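Required output: the full structure, derived from the provided sequences and hints.
Listed in order, the protein sequences are those of chains A and B. Position 141 (the first sequence) corresponds to 141 in our numbering; numbering is contiguous. Position 263 (the second sequence) corresponds to 263 in our numbering; numbering is contiguous.
Source of the hints: derived by calculation from the structure; they are not laboratory data. Each hint should be verified, as a subset may be incorrect.
If the Cβ cut is set under 8 Å, some of the chain A residues that face chain B in the computed set are [as the list claims (entries may be wrong)]:
(1) Glu-169
(2) Met-174
(3) Ser-177
The structure displayed is predicted, hence computed values, not measured ones. Using N, Cα and C, we set each Cβ at its ideal position, and we do this for glycine too.
Here's the letter readout for the chains.
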Amino acid sequence: MNNSQINQIKDKAFQYFGIFCTLIGIVLLVIFIGSILIDGLGRIDWNFLTSLPSRKAEKAGILTAWSGSLWIFGLTAIFAIPLGVSAGVYLEEYGKKNWFSNLLEINISNLAGVPSVIYGILGLEIFVRTFKFGGSLLAGSFTLALLILPIIIVATREAVKAVPHSIREAAYGMGASKWQTTYTQVLPAAGGGISTGIILALSRAIGETAPLIIIGALAYVPFVPTSPLDEFTVLPMQIFNWTSRPDHAFVVNAAAGIILLLGITFLLNGIAVYFRNKWQKKVKW
Amino acid sequence: MENTSQKNINNEDQSMSQDTTEKSKVILESKKANVYYGDMHAIKNVNIKMRENSVTAFIGPSGCGKSTFLRTFNRMNDYIDIFRKEGEFYINGKEIYQKDVKVEELRKTVGMVFQKPNPFPKSIYENVAFGLRIQGIKNKSVLDEAVEKSLKQAAIWDEVKDNLKKSALALSGGQQQRICIARALAVEPKVLLMDEPASALDPISTAKIEELIYQLKENYTIVIVTHNMQQAGRVSDRTAFFYIGELIEFGKTKNIFTNPKEELTERYITGRFG
Chain A
1 MNNSQINQIK DKAFQYFGIF CTLIGIVLLV IFIGSILIDG LGRIDWNFLT
51 SLPSRKAEKA GILTAWSGSL WIFGLTAIFA IPLGVSAGVY LEEYGKKNWF
101 SNLLEINISN LAGVPSVIYG ILGLEIFVRT FKFGGSLLAG SFTLALLILP
151 IIIVATREAV KAVPHSIREA AYGMGASKWQ TTYTQVLPAA GGGISTGIIL
201 ALSRAIGETA PLIIIGALAY VPFVPTSPLD EFTVLPMQIF NWTSRPDHAF
251 VVNAAAGIIL LLGITFLLNG IAVYFRNKWQ KKVKW
Chain B
1 MENTSQKNIN NEDQSMSQDT TEKSKVILES KKANVYYGDM HAIKNVNIKM
51 RENSVTAFIG PSGCGKSTFL RTFNRMNDYI DIFRKEGEFY INGKEIYQKD
101 VKVEELRKTV GMVFQKPNPF PKSIYENVAF GLRIQGIKNK SVLDEAVEKS
151 LKQAAIWDEV KDNLKKSALA LSGGQQQRIC IARALAVEPK VLLMDEPASA
201 LDPISTAKIE ELIYQLKENY TIVIVTHNMQ QAGRVSDRTA FFYIGELIEF
251 GKTKNIFTNP KEELTERYIT GRFG
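Structure (structure tokens):
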């Protein structure tokens with residue numbers, strides 16, 4: 001066997017290995033979604049979506065959980081997006097590049113990798129106890145906003161960095177101030193990348209359970225939250241609660257809940273991706 | 001200042017030259033200008049005067065500092081952290097690096113056109129209206145008028161008048177560059193700095209830009225950096241030859257090209273180095 005034959009074999013081997021690796025992920029996902037659908041799809045009906053939780057599995061609904069999730073999603077977005085985008089723009093456009101900004105950059109990247117439980121403890125201390133928000137939607141969304149802030153900041157910086165320098169020069173050359181340049185040119189051009197980061201970050205927030213457990217969100221909430229200071233539960237917590245029950249009927253409920261959570265996540269992502277693509281089509285160079 | 005222009009008027013009358021720039025007043029001036037990027041001495045002790053309604057060409061080999069020098073006149077180098085300057089730079093008799101000079105105001109007086117066409121990813125109309133919009137002008141008829149006037153001045157109105165809503169990025173490179181010129185003209189600057197405005201364009205577009213520069217001279221003072229010696233010869237009244245940060249020779253373009261005083265200039269113009 002000569003050298004080129006060996007190379008060909010290596011080439012083929014890697015190709016099959018790659019296919020195998022890709023299939024593992026896809027097959028597992030198909031099995032997972034398939035079994036969930038088989039278990040839970042029959043359980044989803046109007047009653048399930050609009051009923052309050054109950055001790056009896058067949059009566060229990062998921063209204064409080066999905067409305068809580070939507071509240072958390074909305075509030076977290078309101079808090080995290082302006083903070084994260086502003087911080088990212090500041091660091092990239094305004095901040096001087098020195099050892100301090102380097103330190104800041106490393107720390108922000110590291111924060112993105114801190115386990116979410118730690119954020120829960122932070123939220124418990126700051127929002128629940130110091131600010132006395134209790135186990136409310138406000139405390140929960142502040143905590144999740146902190147959790148996803150690093151992701152949004154990093155994504156914003158990357159997107160802003162990718163805007164061609166010539167666009168900034170053009171605006172400065174016309175007598176635009178830094179803010180005018182940022183607001184009228186850089187931000188719109190970076191919008192696609194920034195919104196991708198926001199989508200990823202919010203998807204993560206809506207699936208989080210651990211920090212919410214720590215700040216004291218309840219698994220059993222017999223009412224729909226009507227203000228940010230209300231107590232709440234979210235889909236992942238409701239699912240977790242149901243799966244830990246011994247009665248099989250609750251496991252079916254959990255499967256139905258998972259389908260709903262996946263559905264909401266896909267839907268929100270879909271909407272966000274739609275708007276991002278529309279946006280990106282306008283800014284092409 | 002006054003003395004030199006007095007002296008030149010006589011020459012002017014005798015030679016019956018088309019070049020009337022000798023009479024007009026000095027708009028751009030540098031005194032003992034030095035520019036540093038960190039340790040690099042990019043511009044070395046340059047004194048130059050450029051007159052109203054004239055076209056001055058900066059020529060010289062790559063890295064000789066001509067773009068750097070051009071950019072000091074609208075303070076575009078301010079954003080470079082390691083940039084440092086010494087000496088004085090005047091626009092219309094005003095030193096532009098003084099503390100009371102607002103750089104945004106300066107750039108409304110001194111417009112700039114860049115090497116690579118850089119229209120904003122917006123409509124043609126919005127590109128040209130940008131300079132007025134950031135000054136807070138919202139009145140639609142004022143904007144409409146300014147956009148039309150600028151596009152006409154930039155000799156592109158006829159090509160785009162039916163498509164003002166179209167993205168400027170959908171135009172050809174040459175058209176984009178003329179949109180950029182229109183954009184710069186819309187705020188009615190006194191001076192137009194052009195940093196190799198035709199170097200990224202095809203010959204036909206280049207000819208259009210050159211024709212345009214010739215027309216714009218009536219109302220604006222133009223400084224153009226170019227690598228193209230024929231271009232400098234065609235469009236400029238005066239030419240400045242830079243070499244490694246020094247201004248080697250500055251004079252009437254026809255003199256520089258036909259009868260350079262410095263050997264370095266002659267060698268560069270005849271293509272023996274560069």
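Verification of the hints:
no.: 1; hint: Glu-169; result: holds (6 Å)
no.: 2; hint: Met-174; result: holds (4 Å)
no.: 3; hint: Ser-177; result: holds (6 Å)
The structure is consistent with each of the numbered hints, conforming to all of them.
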